[in-house]
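Number of protein chains: 4
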Amino acid sequence: MTETYVEKFRDVHQLAHAELYTPVLEKSVEFFTEILGMTVVHEENGSVYLRAYEDTYKYSLILTPHHEAGMKHTAFRTYSPQALERRVEALEAAGVKGEWIEESYGHGRAYQFDDLDGHRLELFFEVERYEAPAHLSSKLRNRPQRRPLRGVPVRRIDHINFLTNEAKVPANAEFYVDQLGFNIREGVKKPDGDFFATWLSVSPLVHEVALMGDGLNGSGRLHHLAYWYGMPQHLDDLSDLCKEYGIEIEAGPLKHGVSQALCMYIIEPGGNRIELFGDSGYLILDPDKPTVEWPAEDTELAIIWYGGKLPETYFRHGTPAIKDETDELNIYFEPGENQIHEAKGN
Amino acid sequence: MTETYVEKFRDVHQLAHAELYTPVLEKSVEFFTEILGMTVVHEENGSVYLRAYEDTYKYSLILTPHHEAGMKHTAFRTYSPQALERRVEALEAAGVKGEWIEESYGHGRAYQFDDLDGHRLELFFEVERYEAPAHLSSKLRNRPQRRPLRGVPVRRIDHINFLTNEAKVPANAEFYVDQLGFNIREGVKKPDGDFFATWLSVSPLVHEVALMGDGLNGSGRLHHLAYWYGMPQHLDDLSDLCKEYGIEIEAGPLKHGVSQALCMYIIEPGGNRIELFGDSGYLILDPDKPTVEWPAEDTELAIIWYGGKLPETYFRHGTPAIKDETDELNIYFEPGENQIHEAKGN
Amino acid sequence: MTETYVEKFRDVHQLAHAELYTPVLEKSVEFFTEILGMTVVHEENGSVYLRAYEDTYKYSLILTPHHEAGMKHTAFRTYSPQALERRVEALEAAGVKGEWIEESYGHGRAYQFDDLDGHRLELFFEVERYEAPAHLSSKLRNRPQRRPLRGVPVRRIDHINFLTNEAKVPANAEFYVDQLGFNIREGVKKPDGDFFATWLSVSPLVHEVALMGDGLNGSGRLHHLAYWYGMPQHLDDLSDLCKEYGIEIEAGPLKHGVSQALCMYIIEPGGNRIELFGDSGYLILDPDKPTVEWPAEDTELAIIWYGGKLPETYFRHGTPAIKDETDELNIYFEPGENQIHEAKGN
Amino acid sequence: MTETYVEKFRDVHQLAHAELYTPVLEKSVEFFTEILGMTVVHEENGSVYLRAYEDTYKYSLILTPHHEAGMKHTAFRTYSPQALERRVEALEAAGVKGEWIEESYGHGRAYQFDDLDGHRLELFFEVERYEAPAHLSSKLRNRPQRRPLRGVPVRRIDHINFLTNEAKVPANAEFYVDQLGFNIREGVKKPDGDFFATWLSVSPLVHEVALMGDGLNGSGRLHHLAYWYGMPQHLDDLSDLCKEYGIEIEAGPLKHGVSQALCMYIIEPGGNRIELFGDSGYLILDPDKPTVEWPAEDTELAIIWYGGKLPETYFRHGTPAIKDETDELNIYFEPGENQIHEAKGN
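Residue numbers (full-length UniProt numbering), protein chains in the order written: chain A, 1 to 346; chain B, 1 to 346; chain C, 1 to 346; chain D, 1 to 346.
Keep in mind that a hint or two might mislead.
Because identical chains cannot be distinguished in the list, a pair is counted as satisfied if it fits within a single copy or across any two copies.
Claimed, not checked - The calculated EDC-like cross-link candidates involving lysine to aspartate or glutamate, where the alpha carbons are at most 20 Å apart (straight line), are:
(1) Lys309 x Asp288
(2) Lys58 x Glu19
(3) Lys72 x Asp298
(4) Lys289 x Glu128
(5) Lys8 x Glu85
(6) Lys189 x Glu300
(7) Lys58 x Glu126
(8) Lys58 x Asp286
No wet-lab data here; the hints were simulated from the structure. Predicted model, so just to flag it, every value in this text is computed and none were measured.
Let the hints inform the model, and build the full structure from the sequences given.
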């Protein structure tokens with residue numbers, strides 16, 4: 001065994017932040033601050049930078065005004081400066097065309113490029129950690145920021161799910177494996193044996209990235225961005241607030257089969273789907289755990305272990321939305337109305 | 001059995017509100033609104049009236065400025081107007097001297113009198129139910145007020161615990177039984193066989209009132225006022241906020257033996273002890289359930305089933321505080337410093 | 001107000017037990033003992049008597065073999081022996097034909113009669129409380145039996161829901177109010193303004209009895225019997241076990257609008273629907289709280305505040321099942337297969 | 001920055017199992033199976049091999065009969081066969097004397113050696129994953145074994161805490177860093193600035209190993225072995241069972257400052273301290289996060305963020321126990337009596 005064992009490289013280390021587009025910036029900011037308890041740390045060129053209170057770096061979310069919702073870019077931090085160089089060399093050797101961004105708020109030079117379905121990715125190493133001002137400083141020395149008093153505050157960014165043109169899911173998953181060092185932790189297969197959806201990670205989390213077939217045949221769309229609570233009750237608390245304040249709950253709380261995560265999906269006022277994780281699911285500490293494969297007939301079980309059924313929207317709604325008048329089943333969300341503003345502070 | 005069975009009267013029906021003194025009104029209000037998520041509904045003669053979001057009536061707490069903390073009066077609602085008349089007649093026939101209060105904010109005429117240890121009690125029937133203004137109205141038709149966005153919001157008043165001169169505990173418990181129709185649900189005995197503490201109720205709750213021996217030999221003092229969450233996690237959430245914002249946690253989260261309630265004790269900035277209930281313990285639906293008696297040797301188990309030990313302060317601190325320089329073990333709380341104000345809104 | 005106020009009688013005090021039919025007795029017993037952690041206390045004439053570990057009396061469930069599932073009788077305990085006499089007199093004066101049962105295991109003489117839709121009810125007062133044998137005795141003096149080590153053990157019986165011929169729901173609800181002293185706590189209306197479903201109680205629980213329109217136009221059927229946990233996590237634990245061991249989860253965990261209860265529905269191997277309560281919802285301590293009425297357009301919200309959608313089966317499946325080949329939408333459950341037996345003890 | 005950045009090696013990958021001594025093998029097995037829901041998978045030379053239902057490999061715990069409790073050896077799995085070779089070479093180059101074990105149940109050849117305080121460690125790479133027999137197979141494809149029906153079943157091994165001669169804590173921590181590639185995630189300092197306790201990990205978990213000063217000046221002792229639930233309620237459920245069945249709870253449930261873990265400590269019948277984790281605390285996904293240092297004056301906060309105080313025993317009891325008649329404060333545990341056996345199966 002020893003002679004032939006190939007050690008995998010481990011250069012990409014964690015999901016760092018995502019930049020989302022929103023057509024209703026003010027309402028989106030209100031949602032992320034009042035309901036999810038996030039904190040605004042910076043504004044620049046019209047974009048608003050936000051953090052969850054246990055995010056290590058300055059921010060994990062950038063909200064950027066745009067005529068429609070969607071994901072502008074998603075950033076990963078590498079293990080080291082050398083790891084960053086190695087990945088960029090490998091990407092370029094593989095013919096991927098990217099570009100260096102020299103200056104960004106909160107982190108050093110970064111390399112941006114697209115995955116095979118057109119999702120914009122970014123790699124960087126140098127980063128600024130968050131230093132809380134005195135009035136936001138926690139007494140807990142391993143907590144970068146005092147727990148906020150508003151809403152049901154999320155703790156940290158968890159993962160992102162990219163709708164991927166269905167035909168490209170298997171190749172795109174291989175791209176993350178070969179170019180970025182991800183592991184395919186779990187996958188749901190179509191009757192033809194190809195993956196319809198895959199969950200990939202570079203850490204013991206079951207995924208930092210999921211690639212899921214786009215039911216509307218789109219490309220480069222966002223399925224959802226996920227934040228982490230780690231406490232089951234917080235999903236109930238959040239559900240209660242969402243119902244009270246007019247935030248759309250698409251599904252959950254429910255327990256996924258894949259990842260075993262207790263979760264729920266809501267639509268933020270800009271139209272992007274946000275997932276919340278209410279526990280840790282399971283962690284993969286085993287260095288060479290084989291991919292868990294769910295055959296087509298187990299799809300339902302893979303998606304939901306218990307807690308109801310997923311609505312049609314789940315496999316079709318992504319951002320930017322595709323509005324197709326000829327397709328009766330096409331369901332998409334208009335940016336919603338909520339009642340946070342009027343009730344705030346009372 | 002049938003011939004001799006005496007049906008008990010059931011005239012007093014529920015705990016309605018408590019009026020607490022505080023030497024630091026503004027800080028106390030800040031605590032109850034920002035940390036416990038309560039809502040101010042009225043101010044009158046310097047007093048502030050607050051409600052939990054699932055309290056049925058207009059308010060359940062009145063905070064009144066005073067040079068020291070304590071309980072000014074505690075009110076119960078009767079089952080009917082007739083029940084009110086019956087109780088007052090019986091009290092007066094028993095030689096209890098009380099007085100009618102004709103006008104009070106939010107309820108009709110009320111009869112005030114003292115229990116045997118000097119705690120001021122009030123009975124009334126006519127009451128105004130809370131009607132939420134539009135911006136605080138819940139979509140849930142059985143919820144009187146929208147769930148607040150601030151802190152870890154309490155749902156309703158639960159019970160009150162009166163420190164009682166130790167020698168008077170048994171007689172005072174009988175006063176609640178004979179004059180007000182309470183049932184002694186549980187009791188902890190001293191080695192001599194008398195009750196050191198009793199838990200009494202008129203409803204399936206294990207107690208609306210507890211009478212507990214005063215370790216400093218005081219009279220008429222408040223041990224604590226309790227609010228209800230019904231969700232275990234909320235005690236963890238509240239603990240986290242209390243530690244972050246400088247609110248004193250005296251004990252818990254822990255599980256009582258008596259009542260089986262998951263609970264915690266904190267000291268509000270004015271010095272009064274506030275208990276929070278994180279589940280429902282058990283309910284007594286059985287109409288003639290015998291008193292559960294805990295012998296002296298089970299005192300520790302009766303107080304804490306699991307979750308640590310109670311500190312010395314638990315049996316000594318009450319409000320108003322008794323400061324006794326000659327007693328080294330005498331522990332009392334100064335109104336505390338907290339950091340809610342500076343962090344609020346951030 | 002005082003002059004005209006009519007005091008309501010309060011003679012019926014609590015739900016005591018239910019007797020369910022099952023076509024697969026052994027499998028049903030296995031489910032209630034291994035998955036719900038109940039204890040068998042008695043067997044008589046082929047019936048098996050079971051208790052939850054915090055039930056006060058000897059048992060709360062009787063399983064009786066029969067060719068099909070269903071509810072044989074449901075028993076309530078009265079407040080006193082006098083209350084029992086008063087109710088029987090009133091029922092007979094109202095022309096209800098009932099009969100006295102002189103001997104029953106675990107309780108005294110009982111009066112049995114039908115509600116207006118043919119559900120068999122029973123009233124009694126004298127009862128035997130459970131006395132645990134030494135090896136099942138709890139160290140907690142207010143807990144009648146040691147918490148079991150098997151499954152996710154339920155704590156006590158909570159309520160029962162009777163499918164009622166839709167046209168009879170309003171009149172049957174009035175029967176419970178007028179003859180038995182129940183209060184209509186909540187009701188969901190049809191577009192014509194009549195109640196489609198009502199929730200009734202004699203205690204602060206929102207309901208001991210619910211009456212819900214039978215979607216298959218049956219009479220006298222059981223919708224479900226409910227047991228109580230009081231801890232949200234236990235519904236997740238139970239869901240996990242049900243999925244692992246082949247027990248059908250029909251819906252949930254979810255949060256009802258009506259009653260605000262966190263709950264789930266499963267189908268026991270005999271075909272009866274069992275509900276589990278994961279918290280206390282809210283309690284009605286207010287003696288004269290008006291009925292909460294949900295208009296027809298709020299039906300969905302009334303049934304589910306959050307946590308998914310109810311399946312078609314919810315409004316049609318009851319026991320005994322009605323199998324109607326002409327109705328495509330008619331969904332009913334065959335007694336299920338589970339895998340408890342083979343895995344037990346491993 | 002890039003030029004001088006040294007990439008750390010990552011050869012040791014996860015905690016795999018621990019072997020504990022027990023003087024009461026049968027009672028210890030009963031505790032781990034009936035209360036913690038573990039499964040016996042193998043017996044060999046008098047030792048019993050057990051697994052938690054989500055452990056990836058065949059077992060995570062070996063119980064070995066001995067005249068006193070303690071830890072016989074603790075095993076870590078390396079990232080690859082090459083990583084195993086590299087670590088052994090480095091250890092031998094550093095003068096550490098170890099030995100190869102050619103055959104072990106469930107894993108390949110292993111290298112055993114001592115840390116600087118005499119705790120026996122083991123490294124291996126080749127391993128057998130658990131394959132459940134049909135009756136223990138889960139419907140969840142990412143769960144190696146069906147969730148058991150007994151007790152409150154633990155999910156996987158989490159970490160181990162070694163009492164370390166107080167003077168050797170800093171040097172021993174450096175040994176784990178230099179020889180095994182651990183990171184010091186958190187540390188509590190003494191007034192002199194040296195670490196009194198350190199928490200170290202090779203994964204995003206805050207620790208797989210903790211080194212804590214031995215309050216009785218011992219060497220090579222075990223403080224505790226920890227298993228993981230990931231659900232806060234399970235600690236309450238376990239507490240309830242422990243109290244009912246005579247298992248000693250030393251402390252908790254409580255929330256650590258260090259690691260932010262919700263936890264509790266119990267003493268298994270053999271005398272070894274077992275910790276249970278009820279959530280995930282926080283994860284360290286950041287590749288170069290600096291050590292969180294707690295100054296001496298924050299020791300209490302570091303140990304307990306909320307949930308009571310640690311007893312004296314916490315800093316003194318380890319296994320094997322040191323019984324010192326001259327030291328009044330010396331507290332140690334005799335193997336306890338429990339009542340699992342008599343109640344089992346009822």
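Status of each hint after checking the structure:
1. For a Cα distance limit of 20 Å, the shortest separation of Lys309 from Asp288 qualifies neither inside one copy, at 33 Å, nor across copies, at 40 Å.
2. Taking the closest pair of Cα atoms, Lys58 and Glu19 come within 20 Å of each other only inside a single copy of the chain (14 Å); across copies the shortest separation is 43 Å, beyond that limit.
3. For the identical chains of this complex, Lys72 and Asp298 are neighbours neither inside a copy (33 Å) nor across copies (39 Å), given an alpha-carbon limit of 20 Å.
4. In this homomeric assembly, Lys289 and Glu128 come within 20 Å of each other (Cα to Cα) only across copies, at 11 Å, whereas the closest approach inside a single copy is 33 Å.
5. Taking the shortest alpha-carbon separations for Lys8 and Glu85, both the intra-copy value of 17 Å and the inter-copy value of 16 Å come in at or below 20 Å.
6. Taking the shortest alpha-carbon separations for Lys189 and Glu300, only the intra-copy value of 12 Å comes in at or below 20 Å, while the best inter-copy value is 35 Å.
7. In the homo-oligomer, the alpha carbons of Lys58 and Glu126 lie at most 20 Å apart inside one protomer (12 Å), although the nearest pairing across protomers, at 41 Å, exceeds that limit.
8. Taking the shortest Cα distances, Lys58 and Asp286 sit within 20 Å of each other only across copies (13 Å), while inside one copy they are farther apart (31 Å).
Hints 1, 3, counting from the list given before, are not met by this structure.
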